[in-house]
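If you follow the hints, you should be able to join the two separate chains into one complex; please do so.
Listed below are the residues making up each chain.
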Amino acid sequence: MKKSKVFWMYFVAAIIVYAVIQGMITGGQLDQYYSNLLILMSINVILAVSLHLVIGITGQFSIGHAGFLAVGAYISAICTMKFDLPFFAALLVGAIVASVAGLIVGIPSLRLKGDYLAIATLGFAEIIRIIFLNTDYVGGAAGMPINQLTTWTYAFFSLLLTVVVIANFTKSRHGRACVAVREDEIAADAMGINTTYYKVVAFALGSFFAGLAGGLFSHQFFLIQPTQFGFLKSFDILIYVVLGGLGSLSGAIIAAVLLTMVSMYLTDFPETRMIIYSLVLIIVMLYRPSGLMGTKEITDYFKFGKRSKGGNLDDK
Amino acid sequence: MTNNLLLKVENVGIQFGGLKAVQGLSLELFQGELIGLIGPNGAGKTTSFNMLTGVYKPTEGEITFDGKRTNNMSPHQVTKSGVSRTFQNIRLFKEQSVLDNVKVANHSLAKHSIFSSVFRLPSFFSGEAKMEEESIKFLKIFGLDKYKDELAKNLPYGMQRRLEIARALAAGPKLLLLDEPAAGMNPQETKDLMELIALIRKRFDLTILLIEHDMGLVMGICERIYVLDHGQLIADGIPEEIRNNPKVIEAYLGEEVTE
Ligand SMILES: Nc1ncnc2c1ncn2[C@@H]1O[C@H](COP(=O)(O)OP(=O)(O)OP(=O)(O)O)[C@@H](O)[C@H]1O
Ligand SMILES: [Mg+2]
Numbered sequence: 001m002k003k004s005k006v007f008w009m010y011f012v013a014a015i016i017v018y019a020v021i022q023g024m025i026t027g028g029q030l031d032q033y034y035s036n037l038l039i040l041m042s043i044n045v046i047l048a049v050s051l052h053l054v055i056g057i058t059g060q061f062s063i064g065h066a067g068f069l070a071v072g073a074y075i076s077a078i079c080t081m082k083f084d085l086p087f088f089a090a091l092l093v094g095a096i097v098a099s100v101a102g103l104i105v106g107i108p109s110l111r112l113k114g115d116y117l118a119i120a121t122l123g124f125a126e127i128i129r130i131i132f133l134n135t136d137y138v139g140g141a142a143g144m145p146i147n148q149l150t151t152w153t154y155a156f157f158s159l160l161l162t163v164v165v166i167a168n169f170t171k172s173r174h175g176r177a178c179v180a181v182r183e184d185e186i187a188a189d190a191m192g193i194n195t196t197y198y199k200v201v202a203f204a205l206g207s208f209f210a211g212l213a214g215g216l217f218s219h220q221f222f223l224i225q226p227t228q229f230g231f232l233k234s235f236d237i238l239i240y241v242v243l244g245g246l247g248s249l250s251g252a253i254i255a256a257v258l259l260t261m262v263s264m265y266l267t268d269f270p271e272t273r274m275i276i277y278s279l280v281l282i283i284v285m286l287y288r289p290s291g292l293m294g295t296k297e298i299t300d301y302f303k304f305g306k307r308s309k310g311g312n313l314d315d316k
Numbered sequence: 001m002t003n004n005l006l007l008k009v010e011n012v013g014i015q016f017g018g019l020k021a022v023q024g025l026s027l028e029l030f031q032g033e034l035i036g037l038i039g040p041n042g043a044g045k046t047t048s049f050n051m052l053t054g055v056y057k058p059t060e061g062e063i064t065f066d067g068k069r070t071n072n073m074s075p076h077q078v079t080k081s082g083v084s085r086t087f088q089n090i091r092l093f094k095e096q097s098v099l100d101n102v103k104v105a106n107h108s109l110a111k112h113s114i115f116s117s118v119f120r121l122p123s124f125f126s127g128e129a130k131m132e133e134e135s136i137k138f139l140k141i142f143g144l145d146k147y148k149d150e151l152a153k154n155l156p157y158g159m160q161r162r163l164e165i166a167r168a169l170a171a172g173p174k175l176l177l178l179d180e181p182a183a184g185m186n187p188q189e190t191k192d193l194m195e196l197i198a199l200i201r202k203r204f205d206l207t208i209l210l211i212e213h214d215m216g217l218v219m220g221i222c223e224r225i226y227v228l229d230h231g232q233l234i235a236d237g238i239p240e241e242i243r244n245n246p247k248v249i250e251a252y253l254g255e256e257v258t259e
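Heads up: the protein sequence lines correspond to chains A and B, in order.
With UniProt numbering, you'll find the first sequence wraps up at 316, consecutive numbering, no jumps.
With UniProt numbering, you'll find the second sequence wraps up at 259, consecutive numbering, no jumps.
Incorrect hints may appear among the rest.
Claimed, not checked - Stretch by stretch, here's where chain A covers chain B in the computed footprint (C-beta under 8 angstroms, at least three residues):
hint, region
1, 74-84
2, 87-100
3, 117-124
4, 127-135
Said to hold, decoys possible - Simulated crosslink set (DSSO-like; lysine-lysine; CA at most 30 angstroms straight-line):
hint, chain 1, residue 1, chain 2, residue 2
5, B, Lys137, A, Lys296
6, A, Lys5, B, Lys174
7, B, Lys148, A, Lys171
8, B, Lys137, A, Lys171
9, A, Lys171, B, Lys111
10, B, Lys140, B, Lys191
11, A, Lys171, B, Lys68
12, B, Lys191, A, Lys296
13, B, Lys80, A, Lys171
14, B, Lys94, B, Lys68
Calculated from the structure, these hints are not laboratory results.
Just so you know, even glycine gets a beta-carbon here, dropped at the ideal spot from N, CA and C.
Pulled out of the complex, with its shape left as it was, chain B reads as follows (with noise of 0.2 angstroms):
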């Protein structure tokens, strides 16, 4: 593993009124990590994402992946510049079929032009078939192939977030993050899951970003673990430490008291 620093984040922040909903968050990441992102609720970590992808502008810091800044780039400069993710709250493509869900991140690979397109040159149908067998390819990986015609919305809860990850993985990350991708799914689901994470970080070369709820699981597969608590970065380290750190042990402690 080379340890090139990937993603540099230095003291950001964001505030939504009166209220600092994350302060001076520094991570960094290298080059094929596995990284895990932790905290209570409301702590924080989709906001954290959020910023990382260019959906809020931090009000504070600097955000540097693969050497470029990337505060004031719009979402979609972010994802072409290799950052893709998931969301907590599954945001797939309802109408659209499972096939074209996977296509629309992968709009970059063909170039063919809307004038092309519209009256059906050459260059539209070699795009799309190239488009179509890239694609499915990812679906294949997730065992979606069968379902690629489909609507997002009939698939079944546990395919639609590995559906949300064969999207995000299509749109070429270097770095993928992951928020809360074992969601509501049953143990085997999870475990299936957490196989499959490791399997496509190794085959596509990625970094990953994980915000998960489940200790035991983040414990397991993350090699180092951030955890957040009301919008503050607590500790960090090997999940050994994170463990046995008394900070978190509060945090998590008291969060468990108050449900």
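Isolated chain A (complex conformation) (with noise of 0.2 angstroms):
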């Protein structure tokens, strides 16, 4: 089948860019810094990637994100230092319960529309964070000391897997489905789409993979905080999605690589840091206002002869 070699295809070249740089890594051409870099890229990437499928995909503006980030954090890193689990199942116990804060916000909250999701989004975000500060158990403000087991193979494999599942997902009639409710959820639920339940399949999804972010992010950094999953954090994530261009996978994934290298690069001027990344943000508003790819996918531009996607009937 044609479209499954298509596929195969991105497989094999994506394990051949993992193999390439893990030898590096190993090798040593590629120092302490670098490889943070990129387990850091692939963290965001995962977080824009899983927002994108809530927000881009099935129009939800939900701007709490960074509370399933901490409970992945959180319950991968209690899974590890206090039960002494693998790795390996502390994300998938981290994921798993972030998805299922997921329902329980999702089920009641996406009734709301616009607004005033946003509002209870980000409200929920608030909640989770605070709890975790007031629990001595995992440290309360000082926050917790955790192992660094987060390497550049799991922070792949978990990007890979991300990627995989939201871009099948979304090219099958689950992901039209979601897409109908984005474009007009009347007419999607005059068509036979239950809207409600994909509004919580979405967002469930969404949260697995950003609870599953959050456990390679608590193994990344020795330490995690209550104030590392404030609304700051949301926002940085929903930038992703509104600069990649709302709708456009390639373009949330290509918006994270490189606000994670600006914000990077702009850790040495922590004054004009802010200034930068808003003026970065401004300019690529004023000059693409629906986003860095629009609502088009990188692999649009390599159709050639065919018509792509997104044309209109006039530039054949």
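Okay, here's the thing in structure tokens:
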């Protein structure tokens, strides 16, 4: 089958990228700084792609993504530090608990629309943060010390899983139903789509991967503190999705990669960091108001001969 | 033609705040009929459709479709039980391709799970292939297959109206509700559309309820007509009776004077 051939081509390419980088890390050509950058990039891309499913694909303006990141981070840390579970299992548990949190938040709040949903999700994320802040078991405000277990291998394969699952989900009858909800909820409902079900599914799936990113995140930085999961973190993730172009998976990925780099280079200039970061955003929004990629995918640009999916009738 | 009662609406009404948008509405639609629903602006025609499809819950009365009470069903449940519709103001999935618009309505045709889709199991490929084939069939009927990869928003207006009907048909209805399907079309497009409606009605064994402003058009194709004015049914009968009904003439004359 032709389509699955393309899929395997991408898959092999991804494995090669992984192996080359892993080789360079073991061989010492890539030092700690760069391998950390790559891991952080992977984590941010996972976050971006998981929120892309909720906002870009399903059109539910959720801005509390850091809440699910926190759930994954703390739960997986508890698994490894308090229960001595293997890292792999801890990541899985963190992601599952985050998706359950997604269900709990999603079922009541996804009935709300637009601004109300945004406020509800933001409020939820704050509640999660405050719960961890006041739980002595996980160190309260002082935080929780954690072994560094995240490696490039874990980061990469988590990223690969996230992208494959979300891309495949999007290109199926389930993903089309989600896009229909985004485009016109009333019409989707009238065409027999259970809109609430799909909103909740997208939300739970998005939360699952945010939780996965959380596990990688907490085991990368030796210490986690509730302050790392405030609303600024939620906005960081939101910015990847908006800047990349709402509805574009590759846009979200590119934006997450670029902004991780910008933000990493700017850590040496903490005073100017926020200013430059904001300037980058303003410039992009001025020149590309619908985001870097608009609603297009990077693959649309490689379909020479074929008309691109986002093309107009008259630009044949 | 069998004489099966498909839709029974008894004394249905809805109130928005103090406004009784529709009251005492009673309709009977038999299997295979093509029925018109007419009335001046603001008469409550679209509101009636919204009640029939679960968008609004009637504040009084009973709606029975195909033997089942649908009053409290949500729209997607009503659709699954066999009622689908088009909208007066086109509501396509603008950023989706023409083909995907139809596929969304074909959603329940295939059964592959989320798991199967995400990991590309065999049931995904067979299910998607079936949906594609079926959706293209509907596009062909409406002459839209050549536009299948265009975004819905890029279609010319008349084609968008057609796509909405194709999409509604793909949802597999027994009863099709069309809310002013010819609005904004030129006479030729309107004529083609009416022929098409007659054709799909035969081919899919449909029952159709049609809202239309163009009296001539409704008189020409509908077997029976219901007339609404100010939320109330003022007449029903065959076109000939409607044409000569003094209440109907008054309701429409009243409108023409104010326009
Ligand atoms: N959600 C709502 N809230 C309040 N009033 C409503 C609502 N929906 C409809 N109405 C009112 O109900 C009345 C009937 O409207 P409706 O849209 O059904 O008319 P119509 O017969 O379809 O007219 P047209 O020919 O203009 O489409 C109008 O007075 C309208 O303002
Ligand atoms: Mg109307």
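If any of the earlier hints don't hold here, list their numbers in rising order. Those not satisfied are hints 6, 11, 12 and 14.
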